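Undergrad: From just these sequences and the hints, can you work out the full model?
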Amino acid sequence: MSKKILLAEDDEDNRDLVSFVLQRSRLGAELVIAENGQEAVDKAIEHLPSLILMDMQMPVMDGWTAIPILKGDSRTKHIPIIAFTAQAKPEDKLRTLEIGCAEHYSKPMDPEELIALIRKYLAD
Amino acid sequence: MNSPSGAPDKAAAKQCLLAADRFLKESRFQEARTEIEKAKKLDPANVYVVAFLDRINYFEAQKKKEAGPVAAAPPPVAPQAAAPTPVAVAPARPAAPTASAPPAMKPAPAAAPPKPAAQVVPPQPPVVTPPPAAIASTPRPKEVSADPVPTPAEQKAMEATLEEMKRQIQMLSHSLEVEKKAREEMTNQQLESNVRQLRNSFEKSWMNGAPNDAEAAELHKLAVSLSIPENVEQSLRREVKLKMYSNAVKEVIAKRQLLRSSSSTFEWLRKVYQVTMEEYLEYETKFLLDLVADQYKGTVLYVSPNVKTKDELIPRLKSAGYAVVLSGSPEEALEKIEKVNPNLILCHTEFSAGSLSGIKFLHLLRATVKFNFIPFILLCQESEVAQLQSSELRHHEGFLKKPVDVEELMIAMNEKLAHFRDYVSSLS
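Line by line, the protein sequences give chains V and S. Under this note's numbering, the residues of the first sequence are numbered 1 to 124, in order. Under this note's numbering, the residues of the second sequence are numbered 1 to 428, in order.
Everything labelled a hint here was simulated from the structure, so no lab data went into it. Predicted model only: the values in this text are computed from it and were never measured. Be a bit skeptical, because a hint or two may be false.
With a Cα cut of at most 25 Å, we get these calculated DSS-like pairs of lysine-lysine [claimed, not checked]:
#1 Lys-89(V) with Lys-43(V)
#2 Lys-255(S) with Lys-107(V)
#3 Lys-318(S) with Lys-339(S)
#4 Lys-250(S) with Lys-107(V)
#5 Lys-3(V) with Lys-271(S)
#6 Lys-318(S) with Lys-107(V)
#7 Lys-204(S) with Lys-3(V)
#8 Lys-107(V) with Lys-271(S)
#9 Lys-204(S) with Lys-120(V)
#10 Lys-204(S) with Lys-4(V)
#11 Lys-255(S) with Lys-89(V)
Stretches of chain V that chain S covers, calculated by requiring three or more beta carbons in the stretch to come under 8 Å of a beta carbon on chain S [said to hold, decoys possible]:
#12 9-19
#13 106-116
All C-beta atoms, glycine included, are put in the ideal place defined by N, C-alpha and C.
TA: Set out below in structure tokens:
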């Protein structure tokens with residue numbers, strides 16, 4: 001059974017780009033898409049992915065709210081989450097780590113770097 | 001049996017010959033001979049009487065051969081001593097060709113006697129002509145008779161036979177040619193269909209990058225099963241790979257604002273699609289056109305000794321909308337220039353020992369009609385500026401001192417390109 005990656009991202013272009021990169025990474029992982037934090041929580045519980053890429057600024061429910069929910073749920077608390085955000089300040093990075101993210105990845109993305117990061121967490 | 005007046009009864013003789021012909025057709029040889037004897041008596045000078053006897057003998061012998069071994073050949077017929085007089089006679093039935101040559105009808109004498117005035121129907125020698133069907137199957141020239149000099153009639157018959165044979169050979173050759181073409185067309189159509197099938201499989205496999213080893217092996221197996229030659233397979237693979245790479249480049253161009261760096265993304269894509277540096281350089285202009293599709297300003301051939309190391313000018317040029325083709329030396333630039341057809345050349349002055357200098361490269365280009373008007377900017381050392389200003393260059397050649405101010409370079413490039421555009425426009 002292939003591993004799953006949940007991408008929570010409200011921007012369609014970003015979703016497409018991550019999908020494009022993952023398809024070409026030959027990781028063999030299935031991508032599950034959520035367009036906001038609430039959907040991310042629901043789909044994480046439903047699919048139990050191996051990794052979550054979470055945009056921090058999203059409508060309905062942002063990443064800052066969704067991540068503590070996921071980390072507080074026994075079914076999803078073990079899933080590594082990469083904060084996928086345009087906020088690149090050191091204090092933002094620190095804050096994402098404080099709420100339980102395994103990594104902080106600043107947009108804009110670099111495909112090779114992103115794949116290396118994903119590969120690292122899928123291998124664990 | 002002549003007429004009461006003693007004159008030969010040609011009409012009666014003709015009737016006898018016709019009757020003999022009928023008997024011959026029915027293989028009633030004895031009765032045919034009797035008719036011939038009658039004809040001989042009625043018209044002793046009739047030349048066809050002897051010829052007819054020959055025919056009877058021949059067909060009788062053939063008949064016997066068919067039935068079983070023949071004890072003796074038919075007796076030869078003595079040649080007619082008297083000069084023959086042509087008579088009106090119905091054309092004899094054509095003899096079927098056989099392995100042994102049929103005895104030719106006794107040929108008419110070389111110098112035929114004058115035709116009697118009363119003769120209405122011209123004498124028609126019973127030419128032995130193989131039936132068309134027989135010709136078609138095994139055309140065989142009529143064997144020459146013992147007479148070393150063939151008569152005109154014989155010659156004519158042989159020529160006709162040869163002509164017919166030639167015609168049939170031509171027809172056969174034509175048919176074979178048509179069949180060959182049809183087979184070739186079928187083969188080509190089959191090959192095209194196979195190539196199409198392999199291309200589809202390649203495209204599917206290369207959609208998201210180079211296939212893994214197992215997929216690649218499957219593709220090769222498919223090519224072998226479709227009888228596609230290895231060189232065609234390789235060329236197809238390369239074509240599909242570059243197409244898929246190009247499509248991927250186009251896809252990310254639209255989202256380049258989401259990428260940290262376009263150039264590193266394209267480098268990654270080159271790895272994903274296993275596009276070699278050689279292939280990339282070959283197609284670079286096209287790919288870079290994709291990259292800067294909405295802001296393409298032209299192609300720059302950048303000649304720099306630092307192309308293999310980090311040269312910060314390259315990404316600046318690319319981000320400014322130029323497709324940049326790199327050369328590590330003027331010699332390499334000369335190799336690429338025709339293929340690249342640059343809008344502008346940007347060249348350093350100093351290269352490694354043994355290489356042309358940038359100035360010599362410029363002089364070389366200006367001495368070549370084809371490259372005489374390509375806008376050129378030299379990137380020189382500060383110490384060279386005075387020298388360049390004084391004499392070495394024509395006044396309109398551009399140069400900038402290093403370290404290059406990018407803004408200044410962009411202005412200089414725009415000026416050169418504008419000047420070149422004006423020049424080209426003035427030609428039309």
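Undergrad: Does Lys-3(V) pair with Lys-271(S) here, judged by a C-alpha cut-off of 25 Å?
TA: holds (24 Å)
Undergrad: Take a quick look at whether Lys-255(S) and Lys-107(V) sit within 25 Å of each other, Cα to Cα.
TA: holds (13 Å)
Undergrad: Take the C-alpha atoms of Lys-204(S) and Lys-120(V), compute the straight-line distance between them, and say whether it is at most 25 Å.
TA: Not OK: Lys-204(S) and Lys-120(V) at ~28 Å, beyond 25 Å, violated.
Undergrad: Decide if the proposed pair is consistent with the structure: Lys-204(S) and Lys-4(V), CA atoms, cutoff 25 Å inclusive.
TA: holds (23 Å)
Undergrad: Quick one, are Lys-318(S) and Lys-339(S) close enough, alpha carbons at most 25 Å?
TA: With Cα atoms ~19 Å apart, Lys-318(S) and Lys-339(S) stay inside 25 Å; holds.
Undergrad: Can you tell me if the region 106-116 of chain V counts as covered by chain S, using C-beta to C-beta distances under 8 Å and a minimum of three residues?
TA: Result for this restraint: holds, n = 7.
Undergrad: Between Lys-255(S) and Lys-89(V), is the straight-line Cα distance small enough, at 25 Å or below?
TA: Judged against 25 Å, a Cα distance of about 24 Å means the pair holds.
Undergrad: Starting from Lys-318(S), check that the Cα of Lys-107(V) is at most 25 Å away, please.
TA: holds (22 Å)
Undergrad: Is the Cα-Cα distance between Lys-89(V) and Lys-43(V) 25 Å or less?
TA: Violated: Lys-89(V) and Lys-43(V) sit about 29 Å apart, past 25 Å.
Undergrad: Does the alpha-carbon distance linking Lys-204(S) and Lys-3(V) stay inside the 25 Å limit?
TA: Holds: Lys-204(S) and Lys-3(V) sit about 23 Å apart, inside 25 Å.
Undergrad: In terms of beta carbon proximity below 8 Å, does the region 9-19 of chain V have 3 or more residues touching chain S?
TA: holds (count 4)
Undergrad: Please verify whether Lys-250(S) and Lys-107(V) have alpha carbons no more than 25 Å apart.
TA: holds (21 Å)
Of the numbered hints given earlier, the model fails hints 1 and 9; all others are met.
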